[in-house]
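Asks: The lines below spell out each chain.
Protein chains: 2
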Amino acid sequence: MRIAYKEALKAFEEDEVPVGCVIVKDNKVIAKAHNQKEKKNCAVSHAEIECIKKAARKLDNWNLKGCTIYVTLEPCMMCTGALINSRIDRIVYACRDPKGGALVSNVRIKEISGLNHYPLYEEGPVEKECSELLKSFFRNKRQKA
Amino acid sequence: MRIAYKEALKAFEEDEVPVGCVIVKDNKVIAKAHNQKEKKNCAVSHAEIECIKKAARKLDNWNLKGCTIYVTLEPCMMCTGALINSRIDRIVYACRDPKGGALVSNVRIKEISGLNHYPLYEEGPVEKECSELLKSFFRNKRQKA
Chain E
26 MRIAYKEALK AFEEDEVPVG CVIVKDNKVI AKAHNQKEKK NCAVSHAEIE
76 CIKKAARKLD NWNLKGCTIY VTLEPCMMCT GALINSRIDR IVYACRDPKG
126 GALVSNVRIK EISGLNHYPL YEEGPVEKEC SELLKSFFRN KRQKA
Chain B
26 MRIAYKEALK AFEEDEVPVG CVIVKDNKVI AKAHNQKEKK NCAVSHAEIE
76 CIKKAARKLD NWNLKGCTIY VTLEPCMMCT GALINSRIDR IVYACRDPKG
126 GALVSNVRIK EISGLNHYPL YEEGPVEKEC SELLKSFFRN KRQKA
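Protein sequence lines, in the order shown, are assigned to chains E and B. What the first sequence shows, in the working numbering, is residues 26 to 170, in sequence order. What the second sequence shows, in the working numbering, is residues 26 to 170, in sequence order.
Hints are computed from structural coordinates only; laboratory data are not their basis. Just to be clear, a hint being listed does not mean it is correct.
Put simply, identical chains are the same to the list, so a pair is met inside one copy or across any two.
In silico DSBU-like links for lysine-lysine, alpha-carbon gap of 35 Å or less [said to hold, decoys possible]: (1) K65 - K124; (2) K90 - K65; (3) K166 - K153; (4) K90 - K166; (5) K79 - K65; (6) K135 - K79; (7) K65 - K153; (8) K83 - K53; (9) K124 - K135; (10) K169 - K90; (11) K90 - K160.
All chains, please: the whole structure from these sequences, using the hints.
Replies: Here it is as structure tokens:
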């Protein structure tokens, strides 16, 4: 999660909502990415989507079985759906997103029946730093506005 | 929806799950795409995601306000989330996806509170052709298996 946090810092420096992630397989980081929505001017370019694309390219396989994603914020509906579609084994997130989170917050995947894959998920370390970084980003935004 | 269906036919010919879509603004098609999951070897490359990316590039704006997407199959959780994130006005789908659909089937967005955007959605025309194309694709797959 430390590497994911460093990715989130990159997003912060680029004036993007500071979210970062890494995908790990067999104890090796195979992909890392940060949110690039503003830079790429595309609503799809969340950290997780960028990271899934990189991991699939690296493995030459859309199926990310055997992989874990470490992400600094609970994934939104789009990213949770993408992680399900990619058949990732496990999602570790640093802090919850009460508004947009789609694992345990706004959408709770345990309550959705019939998904074709249910990744394991858990809250992980570095929560305070990841959450403070997000708060600081939105505080700056409000002050500028 | 006829153009979306033609896109789905392209996917069929490329041995991809046959889903196609177009994004329309001010009565003009600004983007069209078909499912490219196998070709791009990436779980993210559904028709809607490819189409959102093209539309955002065309408009030079991640925000697809004022746009409608016509898609041959009810979007999955990832694509519905992406359409919400892109603030699209309206989703017209030809046929429902009882297993993976995330508008009115497996996930019902009306029942999720607190999303930051609720696109309008409706079932549209060309249902039979779009549904037959999907059935034919999966029938061929089973026969080959």
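Asks: A separate judgement is required for each hint: does it hold in the structure or not?
Replies: Hints, one by one, checked against the model:
With identical chains, the CA atoms of K65 and K124 are at most 35 Å apart both within one copy (24 Å) and between copies (32 Å). Both within a single protomer and between protomers do K90 and K65 lie at most 35 Å apart by alpha-carbon distance, with minima of 28 Å and 17 Å respectively. In the homo-oligomer, the alpha carbons of K166 and K153 lie at most 35 Å apart inside one protomer (20 Å), although the nearest pairing across protomers, at 49 Å, exceeds that limit. In this homomeric assembly, K90 and K166 come within 35 Å of each other (Cα to Cα) only across copies, at 23 Å, whereas the closest approach inside a single copy is 38 Å.
Proximity of K79 and K65 under a CA criterion of 35 Å is satisfied in both settings, with 16 Å inside one chain copy and 12 Å between copies. Taking the closest pair of Cα atoms, K135 and K79 come within 35 Å of each other both inside a single copy (27 Å) and across two copies (33 Å). Taking CA atoms no more than 35 Å apart as the test, K65 paired with K153 passes inside one copy only; the shortest distance there is 28 Å, against 37 Å between copies. When the C-alpha separation of K83 and K53 is checked against a cutoff of 35 Å, the pair qualifies only within one copy, where the shortest distance is 12 Å, while the shortest distance between copies is 38 Å.
For the homomeric pair K124 and K135, the shortest alpha-carbon distances inside one copy (17 Å) and between copies (16 Å) are both at most 35 Å. Taking CA atoms no more than 35 Å apart as the test, K169 paired with K90 passes between copies only; the shortest distance there is 25 Å, against 43 Å inside one copy. For the homomeric pair K90 and K160, the shortest alpha-carbon distances inside one copy (33 Å) and between copies (27 Å) are both at most 35 Å.
The earlier numbered hints are all upheld by this structure, with none contradicted.
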